[in-house]
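Visitor: Chain residues, written in single-letter form:
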Amino acid sequence: MRSRCVVIMSLSVLLLSSWLVAGCSPAPSAEAGSKALVGTPSASVRQAKQEPARAPSATRYYDVPLPPATATAMALQSPAPADGLKLTILHTNDSRGFVDPCG
Amino acid sequence: MPKGGVARRATKIKGIREQAEHPVLLVDAGSTLFGQMLALQSEGRVIIEAMNAMGYDAMAVGELDLAKGVDTLIARAGEARFPLLSCNLVSAQEQKPLLKPYALLERGGVRFGILGVTEPQALDAPGVREVAQVLDPVTSIQKYLPEVKKQSDVLIVLSHLGVEEDRALAQAVPEIDLIVGGRSKRLMSVPDIVGSTVITQMGYDGEWLGRLDMTLDSQGQVRDPQSAVIELGPDVAEDAELKALVASYKERFPQPTTEATK
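Going line by line, the protein sequences match chains A and B.
Going from the first sequence to our numbering is simple: count from 1 and add 185.
Going from the second sequence to our numbering is simple: count from 1 and add 1009.
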């Protein structure tokens, strides 16, 4: 009788251990990841650490939504630009949070 | 007379876009989110909303963009409809980029590769050095160069390194077609040319809008760059949408008056 009890208890311990190892540590969810991005500085670093190693690219490191203009899905092969094509680049820098006229 | 303001800037941008029959890009070289009171009070939200409304295509991260820490910057990047870029601002421990290192976009049949690069002084903001690191700009750009180059016709670097550093960068990485810079607060009515790289930047505090017109040849090489300084003076009408946006933020975040600060 005593040895049957020991066997049953041992099996229970074994089952509990297996569950703890296999099922008790859920994979981080997307929601948890997005919360970490706006958490403490250390939280954002932890989030970066949890991500699996991937080839560097413009789009895959962070869950920041891409703007429509960031055409990362564009065809890799595209014809050369037409000779003599005009371009305009409008640019700013060091606006330092100014929204109103100043100076 | 006071110059600048996002409402005047928006008017000019809209006008140029409406008149242009060719691709127009709108970019910012950084140190943009923080500094002025309303921007600080709103933790940079007013700036991101204004830039969303103006249709910015990309922005580099500079020193002042980290003034409220890494988490605030990443949160604002999540609200922006354009990428905030830095290829050399990385996490301190694993040295992974904290933001997108580059963006690819296509406009009018031209593929643009845009890299952002941040100055080392960006680490001086409170709490930033503990979680972030700024890697060598040249090495970082060279790391991403092959994959960006093969997917783009025109390679642009948005740099907050300073104009002397931009010149050195152009010498070290001659594949760069254009460097839109910041930090030196130079008003460059004539762009610098180093090798075949065009270098420009446009003042400070949002008082001017820079315009660079150029022609591309069939190899994607930039030809005949012409720079223009657009002063945002009182003669420029204020865009109603941007004016209302700023007013709404002022209601939410009352500005301290002289009496209140006594």
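Because the hints were derived from the structure by calculation, they are not lab data.
Source: prediction; values computed, not measured.
Built from N, CA and C at the ideal position, the CB exists for glycine as well.
Please note that a few of the clues may not be correct.
Some chain B residues well away from chain A (every beta-carbon gap over 12 Å; in silico) [what the hints assert, rightly or not]: (1) Gly1064; (2) Asp1145; (3) Val1147; (4) Gln1180; (5) Val1182; (6) Pro1183; (7) Val1199; (8) Ile1202; (9) Val1203; (10) Gly1204; (11) Ser1205; (12) Gly1212; (13) Ala1237; (14) Lys1252; (15) Pro1263; (16) Pro1265.
Calculated lysine-lysine pairs in the BS3-like style (CA-CA distance at most 27 Å, straight line) [to be verified]: (17) A:Lys271 with B:Lys1023; (18) B:Lys1159 with B:Lys1194; (19) B:Lys1021 with B:Lys1194; (20) B:Lys1021 with B:Lys1252; (21) A:Lys271 with B:Lys1259; (22) A:Lys271 with B:Lys1159; (23) B:Lys1012 with B:Lys1194; (24) A:Lys271 with B:Lys1158; (25) B:Lys1023 with B:Lys1012.
Visitor: State for each hint whether it applies.
Guide: To see whether the hints hold, each was checked on the structure:
Remark: the non-interface label on Gly1064 of chain B conflicts with the geometry, its nearest Cβ contact in chain A lying 8 Å away (cut-off 12 Å). The claim that Asp1145 of chain B is not at the interface with chain A holds, since no C-beta of that chain comes within 12 Å of its own (minimum 16 Å). The non-interface label for Val1147 of chain B is consistent with chain A: the shortest C-beta to C-beta separation is roughly 17 Å, beyond 12 Å. With a cut of 12 Å on Cβ distances, Gln1180 of chain B stays outside the contact zone with chain A, its closest approach being about 21 Å.
At roughly 17 Å from the closest C-beta of chain A, the C-beta of Val1182 of chain B stays outside 12 Å, upholding its exclusion from the interface. Taking the minimum C-beta to C-beta distance to chain A, about 19 Å, the non-interface status of Pro1183 of chain B holds against the 12 Å cut. The claim that Val1199 of chain B lies off the interface holds: its Cβ sits roughly 15 Å from the closest Cβ of chain A, which is beyond the 12 Å cut-off. In this structure Ile1202 of chain B is separated from chain A by more than 12 Å, as the shortest Cβ-Cβ distance comes to about 15 Å.
The beta carbon of Val1203 of chain B sits about 17 Å from the closest Cβ of chain A, which is more than 12 Å, so the claim that it is off the interface holds. With a least beta-carbon separation of about 19 Å from chain A, Gly1204 of chain B lies farther than 12 Å from that chain, consistent with its non-interface assignment. At roughly 15 Å from the closest C-beta of chain A, the C-beta of Ser1205 of chain B stays outside 12 Å, upholding its exclusion from the interface. Distance check on Gly1212 of chain B: its Cβ comes as close as 7 Å (rounded) to a Cβ of chain A, failing to clear the 12 Å threshold; non-interface status is violated.
The Cβ of Ala1237 of chain B sits about 10 Å from the closest Cβ of chain A, inside the 12 Å cut-off, so the non-interface label is violated. With a least CB separation of 10 Å from chain A, Lys1252 of chain B falls inside the 12 Å interface cut-off, contrary to its annotation. Consistency note on Pro1263 of chain B: stated as away from chain A, and its beta-carbon is indeed over 12 Å from all of that chain's, at 15 Å minimum. With a minimum CB-CB distance of about 15 Å to chain A, Pro1265 of chain B clears the 12 Å threshold, and the non-interface call stands.
Taking the CA atoms of Lys271 of chain A and Lys1023 of chain B, the gap is about 18 Å. The hint holds against a cut of 27 Å. Proposed proximity of Lys1159 of chain B and Lys1194 of chain B is contradicted: the alpha carbons are some 32 Å apart, above 27 Å. Distance check on the hinted pair: Lys1021 of chain B and Lys1194 of chain B sit about 21 Å apart at the alpha-carbon level, within 27 Å; holds. Proposed proximity of Lys1021 of chain B and Lys1252 of chain B is supported: the alpha carbons are some 14 Å apart, at most 27 Å.
Note on Lys271 of chain A and Lys1259 of chain B: the hinted pairing is violated, with a Cα-Cα distance of about 40 Å set against a maximum of 27 Å. Under the criterion of a C-alpha separation no larger than 27 Å, the hint pairing Lys271 of chain A with Lys1159 of chain B is consistent with the structure, at around 22 Å. Distance hint between Lys1012 of chain B and Lys1194 of chain B is fulfilled; the C-alpha atoms sit about 15 Å from each other, no more than 27 Å. Our distance criterion of 27 Å between C-alpha atoms is met by Lys271 of chain A and Lys1158 of chain B, whose separation comes to about 20 Å.
In summary, the hint linking Lys1023 of chain B to Lys1012 of chain B is supported, as the alpha carbons are separated by about 18 Å, within the 27 Å threshold.
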